[in-house]
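Participant: Each chain, written out:
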Amino acid sequence: MAMLEVKDINVYYGLIHALRDVSFEVNEGEVVALIGANGAGKTTTLHTVTGLLPSKGGTVTFEGKDITHKPGHAIVKLGMSHVPEGRRVFAGLTVAENLRMGAYTRPKNEIPESLKMVYERFPRLEERKNQAAGTLSGGEQQMLAMGRALMSKPRILLLDEPSMGLSPLFVGEIFKIIEEVSKAGTTVLLVEQNAKKALSIADRGYVLETGKIVKTGKAADLLNDDSIKKAYLGE
Amino acid sequence: MSFLNHLISGISLGSIYAIIALGYTMVYGIAKMLNFAHGDVIMVGGYMCFCATTYLGWPAWMGVVLAVIVCTALGVVIERLAYKPLRMAPSLAVLITAIGVSYFLQNAALLIWSSNPKTFTSVVTGEALSLFGGQMQISKVTLVAIAACLVIMVALMLFTGKSKVGTAMRAVSEDKGAAQLMGINVNTTISITFAIGSGLAAIAGVLLCSAYPTLMPTTGSLPGIKAFTAAVFGGIGSIPGAFIGGILLGIIEIFAKAYISTQLSDAIVFAVLIVVLLVKPDGLLGKHVSEKV
Numbered sequence: 001m002a003m004l005e006v007k008d009i010n011v012y013y014g015l016i017h018a019l020r021d022v023s024f025e026v027n028e029g030e031v032v033a034l035i036g037a038n039g040a041g042k043t044t045t046l047h048t049v050t051g052l053l054p055s056k057g058g059t060v061t062f063e064g065k066d067i068t069h070k071p072g073h074a075i076v077k078l079g080m081s082h083v084p085e086g087r088r089v090f091a092g093l094t095v096a097e098n099l100r101m102g103a104y105t106r107p108k109n110e111i112p113e114s115l116k117m118v119y120e121r122f123p124r125l126e127e128r129k130n131q132a133a134g135t136l137s138g139g140e141q142q143m144l145a146m147g148r149a150l151m152s153k154p155r156i157l158l159l160d161e162p163s164m165g166l167s168p169l170f171v172g173e174i175f176k177i178i179e180e181v182s183k184a185g186t187t188v189l190l191v192e193q194n195a196k197k198a199l200s201i202a203d204r205g206y207v208l209e210t211g212k213i214v215k216t217g218k219a220a221d222l223l224n225d226d227s228i229k230k231a232y233l234g235e
Numbered sequence: 236m237s238f239l240n241h242l243i244s245g246i247s248l249g250s251i252y253a254i255i256a257l258g259y260t261m262v263y264g265i266a267k268m269l270n271f272a273h274g275d276v277i278m279v280g281g282y283m284c285f286c287a288t289t290y291l292g293w294p295a296w297m298g299v300v301l302a303v304i305v306c307t308a309l310g311v312v313i314e315r316l317a318y319k320p321l322r323m324a325p326s327l328a329v330l331i332t333a334i335g336v337s338y339f340l341q342n343a344a345l346l347i348w349s350s351n352p353k354t355f356t357s358v359v360t361g362e363a364l365s366l367f368g369g370q371m372q373i374s375k376v377t378l379v380a381i382a383a384c385l386v387i388m389v390a391l392m393l394f395t396g397k398s399k400v401g402t403a404m405r406a407v408s409e410d411k412g413a414a415q416l417m418g419i420n421v422n423t424t425i426s427i428t429f430a431i432g433s434g435l436a437a438i439a440g441v442l443l444c445s446a447y448p449t450l451m452p453t454t455g456s457l458p459g460i461k462a463f464t465a466a467v468f469g470g471i472g473s474i475p476g477a478f479i480g481g482i483l484l485g486i487i488e489i490f491a492k493a494y495i496s497t498q499l500s501d502a503i504v505f506a507v508l509i510v511v512l513l514v515k516p517d518g519l520l521g522k523h524v525s526e527k528v
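These protein sequence lines map, in sequence, to chains A and B.
Going letter by letter, the first sequence gives residues 1 to 235 in the numbering used here.
Going letter by letter, the second sequence gives residues 236 to 528 in the numbering used here.
These are computed hints drawn from the structure, not numbers from a lab.
One thing to keep in mind: the hints can contain errors.
Claimed, not checked - Listed below are the simulated DSS-like cross-link pairs for lysine-lysine, each with C-alpha atoms no more than 30 Å apart in a straight line:
1. K70(A) with K108(A)
2. K215(A) with K229(A)
3. K353(B) with K267(B)
4. K108(A) with K267(B)
5. K492(B) with K77(A)
6. K353(B) with K70(A)
Stated by the list, open to error - Have a look at the derived ranges for each label pair, beta carbon to beta carbon:
7. P352(B) with Q131(A): 47 to 57 Å
8. G86(A) with K515(B): 24 to 34 Å
9. T216(A) with L393(B): 21 to 31 Å
10. E127(A) with I509(B): 43 to 53 Å
11. E127(A) with V386(B): 34 to 44 Å
12. G138(A) with V312(B): 55 to 65 Å
13. E63(A) with W293(B): 35 to 45 Å
14. Q131(A) with Q370(B): 28 to 38 Å
15. I16(A) with A324(B): 51 to 61 Å
16. T423(B) with V214(A): 36 to 46 Å
17. K129(A) with L393(B): 18 to 28 Å
To be verified - Chain B stretches covered by chain A per the calculated footprint, using a threshold of three residues with CB under 8 Å from any CB of chain A:
18. 242 to 255
19. 410 to 421
Every residue gets a Cβ at the ideal spot worked out from N, C-alpha and C, and that includes glycine.
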């Protein structure tokens, strides 16, 4: 059975039908990419999975538990962590405080170990741990958002447009880190507009178009698919 | 010597404004809403203590405890019933609801306790402190108000600055959605904020009625508005700002009464506020965090 199973979710924004019968699954240990153009419904999908948006019908199952109607704050505790689009670090809190908030649901005595782990992965965060998060550069904020999500020790990490607005240098670094996180045993669901990069590190991919999944397959196959090349890879 | 006496009464009044302003600023800082019913919670606190001591004959400290418990619960209930359903609504709707809650509390008090003023028995008893051979008198209420205000401010700063729940409050105030993604229960956090703010209102109510012992259903409304002014003056959302704003407002008010005009004192207070906001729109300690995007 898949680790995360999304079945026929439908989301409406007022009269707009934003997601239509979206179904996909993520198996343990995989990196799955969800690609699509602006406004295709990628972020909406993630928000529905983590309980920030309600779904009309359909189910979201995580490790055998139905989490469709669980409130967002309760889902973190189950081992799912979501790095939102635009990073959304707490600008007025220090880097260290942001990381501690990431571990909000965990017992106090486990925090130092996770903090050490995150600082090892992102040495730049340790250098700036007493600085307000709002003063970091975009790339550093992305690292902080990822570090913060890892503080909850998730079994699955949901990343929403981690490369958005970053310099090419940082994009490369962020994707390298995603690969490392995956190798360390965390399952990853990656939402990206940068389809080429996303598919190059993913095992499988789904293509979302105007609220519907239109294509799915192995990432390598999707990278060679003519219609995808044309629409998303700019080739 | 009269200058010093005025200064002391200014600080005393200012301490009470500051305690009210701290409640305003907590709720504004975290929930991003102006709880205009805050002043009326003060009044409820006053009546609770009054009923306990005068009608039931309880000792003063039990009256204070009762006032704090009732107001804390009242604050949480108001938030759940009146404000929580409007979490996604435009802020004007919330503001109007808050004004409605304020009138509701005043009129409920009118029904229960009638419009006849009650004479509040001070919860602080004892001889006034006499200095300079009796030229200067500092009442016990003044001392208690100043001490309570300082303790509350330091406690709040430590709580929001250091504790886990306090940090979560700041996270909620910045971004409710992201806070939820951390596993923070946003509703519970906002409830705790209202509980703290309303508990402080009860303490302010008891101190206010002890210093100015006339209790009416409208007792809380003007101090509430002035404390709101103090919070804006100091920089709304800032804890030390509410403290400084409250104290300064109290001093300005008493000095205006003493040296300029009793009738004009409120007008002078608000004139000072207008000037401060013209020069420093964020208030004295208002934070204007510059962010990189």
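Participant: Using C-beta distances, would you say chain A covers the stretch 410 to 421 of chain B, given that this needs three or more residues below 8 Å?
Facilitator: holds (count 11)
Participant: Starting from K70(A), check that the Cα of K108(A) is at most 30 Å away, please.
Facilitator: OK: K70(A) and K108(A) at ~24 Å, within 30 Å.
Participant: Just to be careful, I want the Cα atoms of K492(B) and K77(A) compared with a cutoff of 30 Å; is the pair within it?
Facilitator: Violated - the C-alpha atoms of K77(A) and K492(B) are around 58 Å apart, more than 30 Å.
Participant: Okay, P352(B) versus Q131(A) on CB: inside 47 to 57 Å?
Facilitator: Distance hint for P352(B), Q131(A) holds at roughly 55 Å.
Participant: Against the range 35 to 45 Å, how does the distance between the Cβ atoms of E63(A) and W293(B) compare: consistent or not?
Facilitator: About 55 Å separates the Cβ atoms of E63(A) and W293(B), which means 35 to 45 Å is violated.
Participant: Can the restraint linking K108(A) and K267(B) be considered satisfied, given a maximum Cα separation of 30 Å?
Facilitator: 29 Å, holds
Participant: Is it true that the C-beta distance of E127(A) to I509(B) lies inside 43 to 53 Å, as the hint says?
Facilitator: 45 Å, holds
Participant: Does the alpha-carbon distance linking K353(B) and K70(A) stay inside the 30 Å limit?
Facilitator: With a Cα-Cα distance of about 50 Å, the restraint between K353(B) and K70(A) is violated, given a limit of 30 Å.
Participant: If I claimed the Cβ atoms of G138(A) and V312(B) lie 55 to 65 Å apart, would that claim hold in this structure?
Facilitator: The hint (55 to 65 Å, Cβ to Cβ) is violated, given that G138(A) and V312(B) are roughly 43 Å apart.
Participant: Count the residues of the stretch 242 to 255 of chain B with a beta-carbon closer than 8 Å to any beta-carbon of chain A: does the count reach three?
Facilitator: Result for this restraint: violated, n = 0.
Participant: Hinted pair, alpha-carbon criterion (30 Å max): K215(A), K229(A). Please report holds or violated.
Facilitator: 13 Å, holds
Participant: Range first: 28 to 38 Å. Now tell me if the beta carbons of Q131(A) and Q370(B) are that far apart.
Facilitator: 53 Å, violated
The earlier numbered hints that this structure contradicts are 3, 5, 6, 9, 12, 13, 14, 15, 18.
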